[in-house]
Structure formats: structure tokens, C-alpha cells
Amino acid sequence: MSEDLRARLRRAEDELRSQVDAQARLAFLAAISLELDSSHEVDETFLRVSRMMVPAVADACLVYLRDDGGPRLVAAAHLDVAQERALRAHVPGCPTLVERVDEVLRSGTPIESGVECVCADGLPARYADGVLVPLRARGRVFGGLWLARDRLGADSRMLDVGFVDDLGRRVALAVDNALLHRQRRDNVIALQRRLLPPTLPRTPQFEFAAAYEVADVSLDVGGDFYDVVRQPGGAFALVVGDVCGRGASAAGLNGLSRHTLRLLLEEGWSPADALARLNRSIRDEGNLAQFCTVLVVSLTPVDGGATGTVTSAGHPLPYRIEAGGTVTECGRNGQLLGVFPQLRTEDVPIRLGVGDTLFLYTDGVTEARGPAGLFEDRLAAELAAAPGSSAAETVERVRAAVTAYRRSAADDVAILAARLRAPDAEGMLTRDEGVGARGE
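Letter by letter, the sequence shown follows residues 1 to 440 of full-length UniProt numbering.
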């Protein structure tokens, strides 16, 4: 074979190899973009990034975030499990690598950076082939991505600076989206808590407890709310409501409903009259698409128990859990609030014995969907499972059961429970005191 023919064959092989490499890189970029698009949690995104880079691109992958104190290692992966543990333990203190990362965070410019891990007991003495690129989003560098190989003779064609920089841009977008998702979710939770009472009353007669969980899939304020209102004559009104929709409009109706009912019930209005007045207030807002459901239970301690009424404006009815474990649904449904000019509801009498618990909830509990269908079919059995439980124990047991059962959280969950104490229970409680909204 002539030298000219050999040279032409080598050029053809190099061109074919270059085309294959380009296609492989494009395929990997598309795959990582698709994979990271489905990740909204920050820690999960970091884990996915490190796992996808090893071994497809590199033997080792480190992800850093910028902190006030300098670069902070947030994810590490290596082909060898033992060396991955060593990376996590020793690399954060490696002065050479930290210096290189800090340089990239300051300049925003990728660098080829093999590094000697002089401080890393058990790590390879040197990562000969390495690329360090910035993670940049919305005009700011917030982190760095370091990829390297430590195997002699290993294929390092994927560790091209331009290609890794392109990877870094895609990773940065996914991480930034996850960070924004977490920030917005934290803001939603904080706002939601402002729409709920910070404490529940603590009295010698009743034990109150509540729980609230924001839907995981939502980034808007929900409309669920609860409250316990002191009424004249020693009575207490338990309130649970659910506003249609999410976001600013739902939050506004949430605040209007809870505070209107609190004011009226504190003034001694009956639940039916208070709900009728709230219905007019909602309709006066002029938004016919806004409506909500509300349940009000008014309880007054009497000798040997408590008496009161259950009034539902389209809301799921409460359960009474007797001290012996019998569970029964109480009350009758009325009309939704904000739909009809004249609201029709009914005050249905109720009586609690000592040790009985009243359980109120929103449809995020009953409509939680799992492998066997809706949680609605399991709720009564869950309530009957531990007779004699405190209000706080009942609330926490149901909350945990719903969380474990559902495959995804499509709606917020609000739970409120009241248990009638024995006459001599908590005898030292001679005055009302505050208790956290999750109970005692």
C-alpha cells in the first residue's frame, strides 16, 4: 500500500472518528438535558449530575456551589466506590483544587485543570486530565463543575473544554431552576403559615391539635385553612375550610374567610348565621368563579361531656371518635359558599363524651390517591386504629398515613382535632394558654 493511500485512509478514519465523537456528544447533551428537566429538587439535581457524568464523560465528578466562605463541595462521584468516599472526605480540603475552583468562580472562565490531591489519603496522586467549568445562570456564576480522569490510557476525548463548558451551561440551568423552585416553595410555605393561626388555645376542657402540609407539586399558595375560635359562654368554634384554586386569588379568599368567621364567631354569631354572612361577603367581591367550602363545629363544655352543633357549607363532614374506638360521621352537608345568593345550611346537634375526639379535615386527606385508590376508603379505619389517642397523636397518625400512602401530593392537607379531656385531666391548667398549631 502506497504512503499516499495510507495517508488518505488515516484522514478518512480521523474524519469518521470525529463525526462519531460529535454525534456521541450531541446525544449525551440531549440525554442530560432531558434527564435534568425532570428534576426540581436541588439535592436530587446534584446527585443526577454527578451520576450521569461518571463514567460517560469522566472517572470523577465534583460539583461546587459558591458560599460566603468560598467554594463548597455539594456532590461527588467516582467510578470506584471507595475512592468516591475518599473524594467526599478529603477533596473539600485540597488547597490546589479549591484554589482552581475559586479562580473559575471569580473569572467565570473554564480551565483545563488536572490536579495533585496532596492532602487526600487513598486518592490517586494525580488527576492528569481535568476540566473545570463555571456554572452560570442569569448572568452570575454560582458554582463550578470539575470532571477528570485518573486511569492511565483512558479515553479522554469527551473532556474537551468546549464540550464540558456546554455541559456546564445545561447543568447550571437545571441547578438554577431547582434553586428557584426551592426558594419559591419556601416562600409559599411561609406565606401559607401566615394565613393560619400561629397557636391553638390550650384549655382544661379540650385538647386541640392541627397539621398542615403544602402540596409537593404546587408552587402556589393553597386555599386550605383552619382555626379554633373562643366564643362567649366558654364555647369553642372549630373551623376548617377549603378555597377553590391556588395562588393570590385563593390566598385572598382564604384570608377573607378565616378572619370574617373569626370576627363573627367571637361576637357570638351562630355558625349558620356566620356562614351566611361570609357567603354574602364572597359574592360582594364580584368574582363568580370564587367559592369555598367551610365546616364549623361549635362545642360547649357541660357536665359529663360537651354539646354543640355541626354546620357544613359544602365541606366534608367530621368524624367523632369515641373513647372506645367507634367512629361515626357527623352532620349534614349544605351549599357551597359564594355560589348561591341565599345560603342553605343546617346546624346539626352533636354531643361528645369524655375522651371522645372530633376530627376535621380537608379533601387533601380523602382524595389522596395511592395504589389501592383514594385514601377516603381508609380514613375511618385509620381513625379507629388507636382508641384513646391524644388529639396530637391522632392528627400525626393520619398525616403520616396520608403522606406514606399517596403517590403524589395534588392538594394541600389540613387537619384539626379536638379531644374532650377528663374532668381531672391536666388539673393544673387553670387558665387558657397558647399551644403550637400542631398541638401539644
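Treat the hints as calculated values from the structure; they're not laboratory data.
Bear in mind that the values here come from a model prediction, so they are computed numbers and not experimental data.
By construction, the Cβ of each residue, glycine as well, lies at the ideal position given by its N, Cα and C atoms.
Careful, some of the hints might be misleading.
Label-pair restraints from in silico Cβ distances [stated by the list, open to error]:
| id | residue 1 | residue 2 | range |
| --- | --- | --- | --- |
| 1 | Asp102 | Leu374 | 47 to 57 Å |
| 2 | Glu103 | Arg194 | 23 to 33 Å |
| 3 | Ser281 | Ala385 | 19 to 29 Å |
| 4 | Gly255 | Ala400 | 26 to 36 Å |
| 5 | Gly234 | Gly324 | 43 to 53 Å |
| 6 | Gly373 | Asp102 | 48 to 58 Å |
| 7 | Arg85 | Glu41 | 15 to 25 Å |
| 8 | His259 | Arg85 | 51 to 61 Å |
Evaluation of the provided hints:
| no. | hint | result |
| --- | --- | --- |
| 1 | Asp102 / Leu374: 47 to 57 Å | holds, 53 Å |
| 2 | Glu103 / Arg194: 23 to 33 Å | violated, 43 Å |
| 3 | Ser281 / Ala385: 19 to 29 Å | violated, 40 Å |
| 4 | Gly255 / Ala400: 26 to 36 Å | holds, 29 Å |
| 5 | Gly234 / Gly324: 43 to 53 Å | violated, 27 Å |
| 6 | Gly373 / Asp102: 48 to 58 Å | holds, 54 Å |
| 7 | Arg85 / Glu41: 15 to 25 Å | holds, 23 Å |
| 8 | His259 / Arg85: 51 to 61 Å | holds, 54 Å |
In the structure shown, a violation is registered for the earlier hints numbered 2, 3, 5, in ascending order.
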